[in-house]
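Asker: Here is how the chains run, residue by residue.
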Amino acid sequence: DTGVSQDPRHKITKRGQNVTFRCDPISEHNRLYWYRQTLGQGPEFLTYFQNEAQLEKSRLLSDRFSAERPKGSFSTLEIQRTEQGDSAMYLCASSPGRRPQNEKLFFGSGTQLSVL
Amino acid sequence: DAKTTQPNSMESNEEEPVHLPCNHSTISGTDYIHWYRQLPSQGPEYVIHGLTSNVNNRMASLAIAEDRKSSTLILHRATLRDAAVYYCILRVFTSGTYKYIFGTGTRLKVLA
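So the sequences go chain by chain: A and B.
Heads up: the first sequence runs through residues 2 to 117, numbered per the working numbering.
Heads up: the second sequence runs through residues 96 to 207, numbered per the working numbering.
In short, the hints are calculated from the structure, not lab data.
These numbers come from a predicted model, not from an experiment.
Some clues are possibly wrong.
Claimed, not checked - Some, not all, of what chain A presents toward chain B, calculated at C-beta under 7 Å:
(1) 39
(2) 40
(3) 43
(4) 111
All C-beta atoms, glycine included, are put in the ideal place defined by N, C-alpha and C.
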């Protein structure tokens, strides 16, 4: 078990391009979260999956953002027509989803997106 | 959304105890109090969590006020590696979903 893995670590793109990030959660974790973090701020919730079902989306997630978790394993976050305001660290986290009293988040190292 | 309030920054000398405070006056009965910390260029790392009783683990201790409206993370002997941003957050169960709501955290500086 190597923890939550995110790819790529860094992404530089031009405004208007599409980008896709991948997250591999800890195996057998059935809950998966995406967060966005800008400099000096705490992580902001974007979306949440229970297995393959996307159960909640933040209003921060505009129509240009889409996330999937096929077969309840890895997840992808796609941003279409990127804007400079999308520049941020995108963090993925997973949790076991079994006993509520033991629930906690395990984060990946994030993908740093820079939109030029 | 349930919110927490923390000081923006704190300083501590190496090998001394550190008490990081957090206010969460709007906490509900089923909300868990979680602490995470984040080193530069890394994702947050779990530290400790609790519901009503004080908790201890190998990293830290969590002291929860009797009314649950505040809590304190205690690092017993700060080291230089403990320098990080510490987030006190509430884990809220709403609409069938666990939500972890982060604030801006406390930046801890450890002086050698």
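Asker: Tell me, in ascending order, the numbers of any earlier hints that this structure violates.
Answerer: Hint check: 1 and 2 fail, others pass.
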